[in-house]
Amino acid sequence: MTSPSNPTPLANADRGGILDREGALAKLLIAPAVFYIAAMIGAPFVLALLYSLSDATTGDPGLRLIGFQNFRAALADPVFRLALRNTFVFTLLSQTIVIVLSRVLANALLKPFRGKWLVRFLIMLPWTAPISLGTIGWLWMFDSIFSPADWVLRYLGLLGTASSLFGGQTNMYWLGIPGLAISSVILVNVWRILPLATVIQLAGLSSIPKDLIEAAEVDGASPWRRTLMITIPLTLPIVSIAFLFGVVFTFTDLVVVYVLTRGGPVHTTQVLSSWTFFKGIEGGDLAQGAAISLFMFPVLAVVAIFILRMARRTEVV
Amino acid sequence: MGRVEIRAISKHFGAVRAVDHVDLATREGEFLVLLGPSGCGKTTLLRMIAGIEEPTSGVLVIDERVVTHLPPRMRNIAMVFQSYALYPHMTVYKNIAFPLRARGVDEEAVRRKVEWAAGMFKIGRLLDRKPRELSGGERQRVALARAMVREPSVFLLDEPLSNLDALLRASAREELRQFQRRAGVTTIYVTHDQVEAMGLGDRIVVMNQGKVRQVGTPLEIYQWPADTFVATFVGSPPMNLLEQEDVLLGFRPETFRPVDAVEGSEGVVTFPFEVTYTEYLGAERLVYGNVGEKSHARHVVSRLPGSLTLPLETGKTYPFAVARRDLRRFHRKSGLAFSGEST
Amino acid sequence: MANIGKIARRGGLYTLLGGFALFGAFPFYWMVIATFKEDHDLFSPLNNPFLFNEPPTLDHLRLLFFETHFVGYLLNTLLVGLAVVVITLATAVPAAYALARWARGWGETLGIGIFLTYLVPPTILFIPLSRFASFFGLQESLWSLILVYPTFTIPFCTWLLMGFFKTIPKDIEEQAMIDGLSRLGAMTKVVLPLGISGILTVVVFSFTLSMHEFIYALTFISVSAKKTVSIGVPTELVRGDVFQWGPLMAGALIASIPVAVVYTFFLDRFVAGFTMGAVK
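Residue numbers (the numbering used here), protein chains in the order written: chain A, 1 to 317; chain B, 1001 to 1343; chain C, 2001 to 2280.
Simulated from the structure, these hints should not be mistaken for lab results. Since we're looking at a predicted model, the values are computed, not measured. Please note that a few of the clues may not be correct.
To be clear about the criterion: a stretch of chain A counts as covered by chain C if any three or more of its residues have a C-beta under 8 Å from a C-beta of chain C, and this derived list gives those stretches [unchecked claim]:
no.: 1; segment: 46 to 56
no.: 2; segment: 74 to 81
no.: 3; segment: 102 to 112
no.: 4; segment: 212 to 222
no.: 5; segment: 270 to 276
no.: 6; segment: 285 to 298
Subject to a maximum C-alpha distance of 30 Å in a straight line, what follows is the list of computed DSS-like cross-link-like pairs (lysine-lysine) [unchecked claim]:
no.: 7; chain 1: C; residue 1: Lys2170; chain 2: C; residue 2: Lys2189
no.: 8; chain 1: C; residue 1: Lys2166; chain 2: B; residue 2: Lys1113
no.: 9; chain 1: B; residue 1: Lys1094; chain 2: B; residue 2: Lys1130
no.: 10; chain 1: C; residue 1: Lys2006; chain 2: A; residue 2: Lys210
no.: 11; chain 1: B; residue 1: Lys1094; chain 2: B; residue 2: Lys1113
no.: 12; chain 1: A; residue 1: Lys116; chain 2: C; residue 2: Lys2170
no.: 13; chain 1: B; residue 1: Lys1094; chain 2: C; residue 2: Lys2166
no.: 14; chain 1: B; residue 1: Lys1211; chain 2: B; residue 2: Lys1333
no.: 15; chain 1: C; residue 1: Lys2170; chain 2: B; residue 2: Lys1130
no.: 16; chain 1: C; residue 1: Lys2189; chain 2: B; residue 2: Lys1094
no.: 17; chain 1: C; residue 1: Lys2166; chain 2: A; residue 2: Lys27
no.: 18; chain 1: B; residue 1: Lys1113; chain 2: B; residue 2: Lys1130
no.: 19; chain 1: A; residue 1: Lys210; chain 2: A; residue 2: Lys116
no.: 20; chain 1: B; residue 1: Lys1333; chain 2: B; residue 2: Lys1316
no.: 21; chain 1: A; residue 1: Lys27; chain 2: A; residue 2: Lys111
no.: 22; chain 1: C; residue 1: Lys2166; chain 2: C; residue 2: Lys2189
no.: 23; chain 1: C; residue 1: Lys2006; chain 2: A; residue 2: Lys116
no.: 24; chain 1: B; residue 1: Lys1122; chain 2: C; residue 2: Lys2170
no.: 25; chain 1: B; residue 1: Lys1130; chain 2: C; residue 2: Lys2006
no.: 26; chain 1: B; residue 1: Lys1211; chain 2: C; residue 2: Lys2006
no.: 27; chain 1: C; residue 1: Lys2170; chain 2: B; residue 2: Lys1113
no.: 28; chain 1: C; residue 1: Lys2189; chain 2: B; residue 2: Lys1130
no.: 29; chain 1: C; residue 1: Lys2170; chain 2: A; residue 2: Lys111
no.: 30; chain 1: C; residue 1: Lys2166; chain 2: A; residue 2: Lys210
no.: 31; chain 1: C; residue 1: Lys2170; chain 2: B; residue 2: Lys1094
no.: 32; chain 1: A; residue 1: Lys27; chain 2: C; residue 2: Lys2006
no.: 33; chain 1: B; residue 1: Lys1122; chain 2: C; residue 2: Lys2189
Calculated Cβ distances over 12 Å to all of chain C for the following chain A residues [unchecked claim]:
no.: 34; residue: Leu92
no.: 35; residue: Thr96
no.: 36; residue: Thr161
no.: 37; residue: Asn171
no.: 38; residue: Pro178
no.: 39; residue: Gly179
no.: 40; residue: Leu180
Cβ atoms here follow ideal geometry from the backbone N, Cα and C, with glycine treated the same way.
The following block holds chain A by itself, in its conformation from the complex (with noise of 0.2 Å):
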């Protein structure tokens, strides 16, 4: 080996400047981002915990802690019970029904026909287009006189003579009665969501391997059993980050129940969201607001668990 010669030292302006250095790069590159998600989520989270432990309102919005008074105010009235109760309820039926239509169409939509680009464009509006322009058209549809829907089933004589099934009135009212309003806004979670899981499901269904399938063809499994054994098994999570994603847009959802019903008739529509708008906002109570909001937060935790969840799982296959 030849002996080392002496070389020059290494002046310290020659070691290039910061833009080489990736250490100290990539904290200034990640630095933005993690100060704006601190200065506007985490700490407008914080605050909203701190509103929910105190009396504030917008006309004094000083923070003065009192307990946890809002939360069991809030417990105790009536209309938040409901508004809890039909989050739940909205949230799971709307939901479960999504399932199951997503995977229906995602099925008819994986075989190949004409004019596909067309027919997804139409399934696919309710999710693309904005929601609150969307739910208008429904508002429409549901309108207590001019409703295309009523004039439907006047047409079919279902609606508007003694001896009709719906009644003798000229109108249903969809939005004026507890139980059709009901109905309605989940109608409508049920339509705006089912694009999204549509897509999920599309995506889950094309990346089972066709040699898988085929193998079980040949091993002779029927098609009933190769569902059972392989198709279903095998997109179990894609379904599964369907139906989270979907809980998480429709629990915390206030635009379909604003546009919609605001709430009514007489509170029956309530859902968390809106009750958190219409006290915290339109009323003022910061606190009870923050309080109300802070309820949907243990349901969100979970399903975030079961989304980081899945994903792991997903990502060993």
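Place chains B and C on chain A using the hints.
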């Protein structure tokens, strides 16, 4: 120009010592091959020379300048990756021009140099294509042209032939060697393929588990392995090793022949060889079998020229021998060759 | 026989898909009808609501564009959307790149942490954030929306882009550094051009979500001229209990369709990021 000195370089990834205290120096204009099994640290060492991995400790000198902590662009090195790493969104011309433009060379000079480099690798007609429109061999030429276009003082290659099919690989090897001779650029070449290493290298550095096991010419590496690792890693089939008390006796399969076919002015050592299996490969014949008593028989291989048509039957024992000058001796515990027996 | 079975299956498939397409799209069909229908026709409960019983009219559109703030809503939405896109790109692109490339171990954890903040809903944050807005004197200002909308675009887009950057081979940027660029130069000159489809996805996503947003806009803005489309149309075109159905439906339609078209193109990528890579 073109001297790389590596002084006590180490690289640890957590508890793993990928490169462990390596000392190495290139000679000007030489073709140095880093050879070793995958995970031996050869690629990490190359990446440290390139500057895309920072050493945990040690000093790196290129052309009398300490570059240990310099970013790659300040080292005047060029590198060709295993994947060729062509910029997929740029044409061949722009790919080759990239290192020049990054250094602010004026467009007229860029055009001249790109054409020069393209001519050298005979890819002039490909200049307007995108990398995805090229064959494997063409991509490799583009990568080489891009590396050479700015006339680096050191040229680093990371298994550049491993993505080519076997047929292309042989001709690419030859071309690479000729081109390196012509350009005279110091070249460090990483491979796990001993045929490439033997065929290309002026000197070979055999590495294992982060350490350099031997540095030498292909002849030295093959004839005088520094330890049992080198003895068994280089050569196919590897060197036979027999235990004799506290010594390991080593001999290449082609030196192990029927007694009559061995010439040895310094004498021969004979072994009774029980044949268990033979493979006829055309130019040569590989004979597998055992040497020694039943209780501690050792598996050895003999490689005979195809022209030697002597019948060898499975299950029978024949007298085989090795010339004394072809025998190598290693310490049984350390595996190191006896001193004075290797160069 | 086999042929008949095949035709029946085809028929079944088309019926099924047709039914779903109808379900998804018919509120928008009503918008089209109502937009061009004479008020007199629209408000006759006995008229067939599916058809034009009187010749179509452009009155509602004229009313919408010239006698309401609708054009203003569109401009406000555009302004807020573009500003949010710029802020999101400036924040999420560097963060995603750094997390994807340089931060082994803790990078992944921090990335997941950032994504999880996406699950904290506006319905929890809008009360404290409304106080933020008034603290900074931003009530009734579009700036309050520009400041707040990145709360849902940054976490998601950072996550989405992390996935995109991970698919770009590391070799390429190492090569760029050897070819003479700095660490940062390799990112801006080589990686960003290669990640352009990811960046485009983020642009579309940030814009459409800003346009969809409802709660913050409803809470922070009450002056009609400052409203965005998503709240302007449903709150301003309703006077007390009197719905101006024609203009209302026209406004909803005009604001919905373009964004829906663009969104549809990017839906698959969006969902892939959304499900944390669980959907390949």
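Here is what the structure says about each hint:
no. : hint                  : verdict
1   : 46 to 56              : holds (count 3)
2   : 74 to 81              : violated (count 0)
3   : 102 to 112            : holds (count 5)
4   : 212 to 222            : violated (count 0)
5   : 270 to 276            : holds (count 3)
6   : 285 to 298            : holds (count 7)
7   : Lys2170/C / Lys2189/C : holds (14 Å)
8   : Lys2166/C / Lys1113/B : violated (34 Å)
9   : Lys1094/B / Lys1130/B : holds (9 Å)
10  : Lys2006/C / Lys210/A  : holds (22 Å)
11  : Lys1094/B / Lys1113/B : holds (12 Å)
12  : Lys116/A / Lys2170/C  : violated (38 Å)
13  : Lys1094/B / Lys2166/C : holds (24 Å)
14  : Lys1211/B / Lys1333/B : holds (18 Å)
15  : Lys2170/C / Lys1130/B : holds (19 Å)
16  : Lys2189/C / Lys1094/B : holds (13 Å)
17  : Lys2166/C / Lys27/A   : holds (18 Å)
18  : Lys1113/B / Lys1130/B : holds (19 Å)
19  : Lys210/A / Lys116/A   : holds (22 Å)
20  : Lys1333/B / Lys1316/B : violated (33 Å)
21  : Lys27/A / Lys111/A    : violated (48 Å)
22  : Lys2166/C / Lys2189/C : holds (17 Å)
23  : Lys2006/C / Lys116/A  : holds (19 Å)
24  : Lys1122/B / Lys2170/C : holds (28 Å)
25  : Lys1130/B / Lys2006/C : violated (46 Å)
26  : Lys1211/B / Lys2006/C : violated (69 Å)
27  : Lys2170/C / Lys1113/B : holds (27 Å)
28  : Lys2189/C / Lys1130/B : holds (18 Å)
29  : Lys2170/C / Lys111/A  : violated (38 Å)
30  : Lys2166/C / Lys210/A  : holds (27 Å)
31  : Lys2170/C / Lys1094/B : holds (20 Å)
32  : Lys27/A / Lys2006/C   : violated (61 Å)
33  : Lys1122/B / Lys2189/C : holds (28 Å)
34  : Leu92                 : holds (17 Å)
35  : Thr96                 : holds (17 Å)
36  : Thr161                : holds (14 Å)
37  : Asn171                : violated (8 Å)
38  : Pro178                : holds (20 Å)
39  : Gly179                : holds (21 Å)
40  : Leu180                : holds (17 Å)
Of the numbered hints listed earlier, those contradicted by the structure are 2, 4, 8, 12, 20, 21, 25, 26, 29, 32 and 37.
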